[in-house]
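Student: Work the whole structure out from these sequences, hints included.
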Amino acid sequence: MKQPSALTRRHFLRAAAGFAGASLIGATPFRAFAQATDLAPPDRCFVFLYFGGGWDVLLGLDPRDPSVFTPERVSETRILPGYDLLSADGSFPEGLVVPTQRAGAAPPAMTFGPAIGRMADHYDKLAVVRGINMTTVAHEVGFRYFLTGKSPNGSAARGSSTATEIVGQLKPAVPVPSLAYGIESYNDRFPGYANALRVSRASDLILALKPSATTLDAEIEKQLVDLRGNPVRCESQLYDSRGLVTQYKDARTQMSSVLGNQLYRAFELDFEPGNAADPLVDVRNKERAAIRARYNLPDSGGVNYDAPSARAAMIAVALKKGISQCVSMNIVGGLDTHFGTQITHATNQRNGWNAVADMVDDLRSSPHPAGGTFLDHTTIMCFSEFSRTPLINGTGGRDHHISSSALLLGAGIKHNCVFGRAGDINMAPGLINRGTGEPDSKGSNILPEDLIATVLASAGLDYAITRTSPLKGLLAG
Amino acid sequence: MRSTSASCLLALLWVACSSQEPDALPAAARPAQLEPVPVDHPPIAALPDPELSGGHVGRAPRRLTTAQLKASIRVTTGRDWSQIDNLAASLGRADYALVNAEATETNLVFAKFLDDGAREVCLATADADLKQTDAALRILSREVPANLDLTAIDESTLQKNLTYLSIRFWGQPLTGDELASWSSTFKNIAVRAKAAKKPREAWGSICVALMTDARFVTY
Chain A
0 MKQPSALTRR
10 HFLRAAAGFA
20 GASLIGATPF
30 RAFAQATDLA
40 PPDRCFVFLY
50 FGGGWDVLLG
60 LDPRDPSVFT
70 PERVSETRIL
80 PGYDLLSADG
90 SFPEGLVVPT
100 QRAGAAPPAM
110 TFGPAIGRMA
120 DHYDKLAVVR
130 GINMTTVAHE
140 VGFRYFLTGK
150 SPNGSAARGS
160 STATEIVGQL
170 KPAVPVPSLA
180 YGIESYNDRF
190 PGYANALRVS
200 RASDLILALK
210 PSATTLDAEI
220 EKQLVDLRGN
230 PVRCESQLYD
240 SRGLVTQYKD
250 ARTQMSSVLG
260 NQLYRAFELD
270 FEPGNAADPL
280 VDVRNKERAA
290 IRARYNLPDS
300 GGVNYDAPSA
310 RAAMIAVALK
320 KGISQCVSMN
330 IVGGLDTHFG
340 TQITHATNQR
350 NGWNAVADMV
360 DDLRSSPHPA
370 GGTFLDHTTI
380 MCFSEFSRTP
390 LINGTGGRDH
400 HISSSALLLG
410 AGIKHNCVFG
420 RAGDINMAPG
430 LINRGTGEPD
440 SKGSNILPED
450 LIATVLASAG
460 LDYAITRTSP
470 LKGLLAG
Chain B
0 MRSTSASCLL
10 ALLWVACSSQ
20 EPDALPAAAR
30 PAQLEPVPVD
40 HPPIAALPDP
50 ELSGGHVGRA
60 PRRLTTAQLK
70 ASIRVTTGRD
80 WSQIDNLAAS
90 LGRADYALVN
100 AEATETNLVF
110 AKFLDDGARE
120 VCLATADADL
130 KQTDAALRIL
140 SREVPANLDL
150 TAIDESTLQK
160 NLTYLSIRFW
170 GQPLTGDELA
180 SWSSTFKNIA
190 VRAKAAKKPR
200 EAWGSICVAL
210 MTDARFVTY
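Respectively, the protein sequence lines represent chains A and B. Under numbering that gives the first Met the number 0, the residue at position 236 of the first sequence is numbered 235, and the numbers go up by one with no gaps. Under numbering that gives the first Met the number 0, the residue at position 7 of the second sequence is numbered 6, and the numbers go up by one with no gaps.
Check the hints yourself; a few may be wrong.
FRET-style restraints, in silico, Cβ to Cβ [claimed, not checked]:
hint, chain 1, residue 1, chain 2, residue 2, range
1, B, Lys193, A, Ser365, 49 to 57 Å
2, A, Arg188, B, Ser180, 49 to 57 Å
3, B, Gln67, A, Ala108, 48 to 56 Å
4, B, Tyr95, A, Gly301, 27 to 35 Å
5, A, Arg188, B, Gln67, 37 to 45 Å
Just so you know, the hints here were simulated from the structure itself, not pulled from any lab data. These numbers were taken from a predicted model, which means no experiment stands behind them. Think of the CB as a built atom: it goes at the ideal place given N, C-alpha and C, for glycine as much as any other residue.
Tutor: Structural data, given as structure tokens:
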């Protein structure tokens, strides 16, 4: 039988904080303060970054040499890099991007397309997976396939999101275990604690974490909390046999914890006016100024929280402050470019990569309490629902293509390597040796579930839900 | 005349008492008959024992969609939650451009936004009720006499009003210990609301509790 725990000094202080908080900031629910916890980053974190619309891998992760894949050979190769079409912009390289070797790191083992931006600088911490067979060219099917590691049923997702699976298995002691921003999230087998805090925009994220603007008297709040804590009747328990009501109650408990910790302040990046009653304003303003400088956010005039750079900054905040273990985010959109010029797509894709690069910079330069840097404790996966056709269509854009690439980065992943390969004719997905990543007529296609299994295995998690095995050649050590 | 009438009566009696079978009548003159419906479906089993079905029978409860929530708030309080359309995407509404399935997860965002919405709508409703002298037109205190001191409501009236509200918000009445618990909570709230000179928070906070209860948001 579980023995009631003894009251400790910590409990006493928390309770005292509850009373003080209730009287000082009447708006915040009484019990929220008592539930406030010390935030500590989990030992292992995960970031899933979705490039929305279907990216052009020729411009990023799977480039082709324009001097080999020339317009004259296009009937043979069915591939047209089109890098010369970016010259009108002037800010893109016209050929392959070879990363500059970092001090103390091995020479780069890969090249990138001209839209890779500053992400190429992190070649020493990443693995590029090429020639993934998405088996679909439908947007919602592709990204749901990558989110869950299970081929959707029609267009309906099957199973839980990978982030849900991770927090469901690890049960981290953080206030928002899984944060999903501008991206879907599913939970088909875990209790409510594994549900993501899912928002469609930054203002909703801050609103979800901020105490209500309409306040009740603190004592009345306490009465309501007590009322909700009363036991329910037998019929109610039977009604909740599938756990929906418990999930809702879990969400309300999580809400109290989040409001008590004033987490919204962590995600606000603008300058905060002085407040004599709050001595921490100066500290927060210094932190925010440093974040704005790192992520090239404006110092005045207001931060655009829905820009890729601000989104990336919020991911780093969520991990470094110990708010979340998994963050899934639509880091950039506007990639579904069937029409127009190559420059539009290249610009949007580069904005996404630059934002990711800033975040990786931040994580690899921030020490983790358990030793090493945050990047040493974080696995990042960048993906899109599919790629774009290797040929340019009649309206100057590219359509949907079944073969794609992905990028894995950070903890548990083999670094500075390319795994898999798309064919030199029409960039078709090919058969790959799962151990080496090299083409192999006796190998198999790389599918999204292979990558999800690899991500789960990289942290020693159960990957049975993927019904496949990890790509061993991608795992560190 | 008399003999003619007797003949007609005899003729009618003969027809009425004739032993002729219907089948002997011409087909057009026969009364229509329904063929008995064959019972060829399998026997209907009783609902399974919840103990043998993981503790549940029938369909699983569901969370209200954003549209259902909006309609439910309007029906129960007579007013709209002003922010619901702004927050609809995060509450789960599909846009049928990028998202083609309504999300009805009961997650933190839903719980927090509903809490915000309930406070806005309930306090506005309680405010309006305080100004309404005709009890029949009030929403939250329909059974309570006008201008009655919040702390002077008798137990019977209080329970009657709480029962009315629970049916209005959830479609099922508060009963037994639970009713007593809500009644006791209201009394505590009423004392505090009176002392703090925040009368709208008395029935307003009960409305918040009703609207943020799982019975309001699931069906």
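Student: Checking against the hints above, which ones are violated?
Tutor: Going through the list in order, the structure violates hints 2 and 5 and respects the others.
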